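Peer 1: Fit chain B to the supplied structure of chain A, relying on the hints for placement.
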Amino acid sequence: MRVNFVLSEVATGLRRNLTMTVAMILTTAISLGLMGTGLLIAGMISDMKAIYYDKVQVSIFLADGVTDEQRSAIETQLKDSPEVKNYIYESKDEAYQRFQQQFSQQPELVQNTPADALPESFRVELVNPERYPVIAEQFPNGANGVDQVRDEGDFLDRLFSLLNGARNATIAVAVVQALAALLLISNTIQLAAFNRRNETNIMRLVGASRWYTQLPFILEAAVAGLIGALLAIAGLILTKVLFVDRTLAGPIKAGIIPPVDWGAIAVISPIIAAAGVGLAGFAAYVTLRLYVRL
Amino acid sequence: MIELQHVTKLYPASGRPALDDVSTEIDKGEFVFLIGSSGSGKSTFLRLLLKEDTPTTGNVVVNGKTLNTMSKWQVPKLRRTMGCVFQDFRLLRDRTVAQNVAFALEVINKPTRTIKRVVPEVLEMVGLEGKAHRLPNELSGGEQQRVAIARAFVNRPLVLLADEPTGNLDPETSEGIMLLLERINRTGTTVIMATHDYHIVDSMRRRVIELNGGQITRDQSRGVYGVGR
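Chain order of the listed sequences is A and B. For the first sequence, the residue numbers in the numbering used here are 1 to 294. For the second sequence, the residue numbers in the numbering used here are 295 to 523.
Think of the hints as simulated: they come from the structure by calculation, not from any bench. Nothing here was measured: the structure is a model prediction, and the numbers come from that model. Every residue, glycine too, gets a C-beta built ideally from N, C-alpha and C. Errors might be hidden in some of the hints.
Stated by the list, open to error - 25 Å max Cα-Cα, derived SDA-like pairs, lysine to any residue:
hint	chain 1	residue 1	chain 2	residue 2
1	B	K371	A	P140
2	B	K410	A	D157
3	B	K371	A	V3
4	A	K79	A	V3
5	B	K345	A	V3
6	B	K371	A	N198
Unchecked claim - Cβ-Cβ distance ranges computed for the label pairs, FRET-style:
hint	chain 1	residue 1	chain 2	residue 2	range
7	B	T408	A	L179	41 to 51 Å
8	B	N357	A	F5	44 to 54 Å
9	A	L179	B	G421	23 to 33 Å
Next up, chain A with everything else stripped away, as it sits in the complex (with noise of 0.2 Å):
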């Protein structure tokens, strides 16, 4: 195979169609770009369920009068029922240094609470998360002491599915734009054949292998594709420098939002080249079988 032949054909290909290639190049980039942010939100997602599922799942927060009885005979409970598998003690200064640490970003909202507003609690995991409403039977809201016991999975729960929802409206978003790149992608080729016809014919006629004819097609389309690909690349390491990094700064610290490492968009990049390079590659190849003859 000659490499330069099938190299300057490329070239020439995706000059020819200019604003065709540039809108193929476009949506293949916010295509792939979507559903690189889809997965970095998976990866996202399954990193806090492990942050937060595994640590609390059940708060119970004592009311402002408690008294130290009242507090020991919770804790007794606590360790004596079988539903527990552990609990931890948080008083008012602890929740207040968290408090601090979680809003750092927020110094006014840190300054206008005072010291002693946050509730003392007691954060129990359970042996089986879905035996919440037995604890808080145990524990009825505003008496002996308790303020109120919440049940941490139930949030989480309700969290998790917003996020899973963004992830797939996302994702969603990514398909149809992924089936908008390939019909462009096989309308670019088709009119790159047509282009071409004269080229091909003789090819055709002189006897140039099937292969030799298409492959300066698939590749106008593969490098398209990756050229596609390196923008959505761009775009999200772009996204995570100037949005994630900076505005989630804070929460990320306090360590509530996972961050999004290096490591991630790393492994996500290869996918996403490999992605655009292989559909745009096979939409050509399938539109060159179905409506050009070579």
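Peer 2: Below, chain B without anything else, positioned relative to chain A:
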């Protein structure tokens, strides 16, 4: 060399067969004129030899190979043994004369060394040695057809198919082209030429196959264009 055995070709859009039970044989080194009015089946005849089309029934055999059973992957190999020339030259307008000829070799993966050697040779043979670096639109029609012939012949095909190669040329230029085709024929290449040009057919006195409504109505060695014309 080339054999058609009871070949019928029906195109779906038309009720009348383009070729209707045609059988003939062409030997190696022959020079054959294919004549007949438009729509008589000349082009279909040539297309079947190139396996651009498959017969509806019957067999086409080229160089001992039955084209009907030939797989898609073998078709390029078949076409490398055949050269094609057309009425409209079909040159690439953004490539020079030499590049047009070299193109035919590049795309079948001939080594650069070979291309550099044989392209000037064939250009000299067709009488274009000084014009290798011209673009097609800087040449006359006759010269453009010589480029097309050079391209068809540069890979030394066993068969040269010419579909009205002089259809766009004046009689004098046509004569030059015919001399060239004759010269190619003398190298042992079979030449099959579809034409309407009775001057040429009458003056060359070669084998004439006349098609009419898809059937062979005359097959005559050393024939003329029209009997009793």
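Peer 1: Hint check: K79/A vs V3/A, CA-CA at most 25 Å. Holds or violated?
Peer 2: violated (75 Å)
Peer 1: Between T408/B and L179/A, does the C-beta distance stay in 41 to 51 Å?
Peer 2: Given a distance of about 47 Å, which is inside 41 to 51 Å, the answer is holds.
Peer 1: For the pair supplied as a hint, K410/B and D157/A, is the alpha-carbon distance within the 25 Å limit?
Peer 2: At roughly 73 Å apart (the allowed maximum being 25 Å), D157/A and K410/B break the hint.
Peer 1: Is the straight-line distance between the alpha-carbon of K345/B and that of V3/A 25 Å or less?
Peer 2: violated (29 Å)
Peer 1: Would the hint linking K371/B and V3/A be met if the CA-CA limit is 25 Å?
Peer 2: Holds, because 21 Å separates the two Cα atoms, which is no more than 25 Å.
Peer 1: Can the restraint linking K371/B and P140/A be considered satisfied, given a maximum Cα separation of 25 Å?
Peer 2: violated (88 Å)
Peer 1: Return holds or violated for the Cβ distance of N357/B and F5/A against the range 44 to 54 Å.
Peer 2: For N357/B and F5/A the Cβ distance comes to about 28 Å; the hint is violated.
Peer 1: Below or equal to 25 Å on CA atoms is what counts here, so check K371/B against N198/A.
Peer 2: With Cα atoms ~20 Å apart, K371/B and N198/A stay inside 25 Å; holds.
Peer 1: Has the hinted range 23 to 33 Å been met by the Cβ atoms of L179/A and G421/B?
Peer 2: violated (56 Å)
Going through the hint list in order, the structure does not satisfy hints 1, 2, 4, 5, 8, 9.
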